[in-house]
Amino acid sequence: MQYLLLIYSAESHAANGDPAVLAEYGPFTQGIVQSGAFKSADRLKPVNTATTVRIREGKTLTTDGPFAETREQLGGYYLVEAKDLDEAVGIAAKVPTAKYGSIEVRPIWPMNG
Amino acid sequence: MSAGIGIDDAFRRHGAEALATLIRLVGDFDLAEEGLQEAFAAAAVAWADTPPDNPRAWLIAVGRRRALDQIRRKIAYRSRQDQLAAEAEIERQTAPIEPDEAEAAFGDDDLLRLIFTCCHPALALETQVALTLRTVCGLPTAAVARAFLVTEETMAQRLVRAKAKIRAAGIPYRTPPRELLDERVRGVLAVIYLVFTEAYAGDPRQSLAGEAIDLARRLDALLPGRGDAPALLALMLLHDARRPARYDDAGDLVLLEDQDRGLWDSAMIAEGLALVEPALKAATPPSPYAVQAAIAALHAQAATPQATDWRQIEALYAVLLRLAPSPVIELNHAAALAMVDGPAAALPRVEALAARGTLDGYDVLPAVRADLLRRLGRNADARAAYRDALRLARCDPERRFFRRRLAELEGQRG
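Chains as they are written, first to last, in our numbering: chain A, 1 to 113; chain B, 114 to 527.
Hints are computed from structural coordinates only; laboratory data are not their basis.
Bear in mind that the values here come from a model prediction, so they are computed numbers and not experimental data.
Backbone N, C-alpha and C define an ideal beta-carbon position, used for all residues, glycine too.
Treat the hints with care, since some could be wrong.
The list that follows gives simulated cross-link-like pairs (lysine to aspartate or glutamate, EDC-like), each with its CA atoms no further than 16 Å apart [as the list claims (entries may be wrong)]: (1) Lys-278(B) x Glu-69(A); (2) Lys-278(B) x Asp-86(A); (3) Lys-276(B) x Asp-141(B); (4) Lys-276(B) x Asp-327(B); (5) Lys-187(B) x Asp-166(B); (6) Lys-39(A) x Glu-81(A); (7) Lys-39(A) x Glu-87(A); (8) Lys-278(B) x Asp-84(A); (9) Lys-94(A) x Glu-292(B); (10) Lys-278(B) x Asp-141(B).
Not close to chain B: a few residues of chain A, all C-beta gaps over 10 Å, as computed [to be verified]: (11) Ala-10; (12) Thr-29; (13) Val-33; (14) Ala-37; (15) Leu-44; (16) Thr-52; (17) Lys-94.
To list a few chain A residues with every Cβ distance to chain B over 10 Å, as calculated [to be verified]: (18) Met-1; (19) His-13; (20) Glu-24; (21) Ala-41; (22) Thr-51; (23) Arg-56; (24) Pro-107.
Excised from the complex, chain A in its bound form:
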């Protein structure tokens, strides 16, 4: 199965952007590339760069900011291949941000399922 690991943390948290934390991402990513779990990953720019789009009554409405104001913001993701939820949770627990943020583990909806 494929799982999306959504990395949430408060952007104001001191650990965000801390070179020591960022440095941990290298070995973590290498580890899951070697194990074959890695599919893709990206880091996102902060939510103050976000734009939200909705179509209402045929009109495109564009607003500044994220879809919802929350205490923790989506800062990046990993798409991984895992045998089951336990394995996916095991990988999520090793994401460096898990130590101060939250990792939401979501199964990918297979297109033929």
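Chain A is already provided as a structure; the job is to place chain B on it using the hints.
Below, chain B without anything else, positioned relative to chain A:
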């Protein structure tokens, strides 16, 4: 039906085991449940003439066939290509299995797998308990709903959502690997204890207490030396040993101090007592279950209520409060303190707990408060507290008990 066992009996004894094996064989919770239900329906007819030698194997063999029939019906609506793939899979699986093969298909670990899946931490704790009661203990959905004080429809929906999450999120159907085992065993024990306490407060016939004890025994046998199963087992045995004395012939609640101790189950007490010492020594600090078992052991060993070692019980509750702080333990501690230092010493603690509001809705809090007030001669306050308890009581014997206490206090001044 003269020979063999009845359907109800078979369901209680083998329902969960057959389901556990069927889930593994057909790879789907719902399909396995549907298959097993149909197998029981078929058994109602087939067993009337010739009950099988091995009911569990019969149920597995027939349940699997019926589950595969279900798959066949469902694929009729799919695309041609999907149908072909599914048919091939069914062909592979459908070779009928004879009862002795079905018996061989049942693995001791199947039930353990089912338990670990129902108690997976990705499910909410309440859902884990509900799912365990429904699938492992074989309780009807209506009975599970009663234990949670929700309607049957609400519980049915909750169970459907739980099974949907197991499938969609990829919760594995297996015994967890070594590195996850301790944590998962702790989770299973918490669920077993909730099953036990729900049964304890709910159905006076206490059928679920036996299931909880059985689950702890099986867990300990399948994973010896892992976790606190013996401590929990001791705790449950020592509590459940008092069950025969807990209700009188009219089904009314009998308090610990008024119970006929001759009715206590001496075999269960002996088994429980033998487990307590090793459980206390198994870890430092001891597991909270072991401390609670030690408290239950002190009650079990007292020949009369007056002989109860309340001082030691109070001390053990103080230990428990440090190990696993909770408002319920605080309440128990206060009740023990009342037995050592008198109701006046305990009442302020109970009042403070009530003021915090964390136990709102828990009938034992006003019941303890009412008892302390009664013993202090504050009858009007005691009556008000018993009325609070009566409003919150969760079963009829409790309601009758509170009404009786109220009646005793009626007309008394104070």
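* **Unmet hints by their number, sorted upward, for this structure** => 1, 4, 5, 18 and 24
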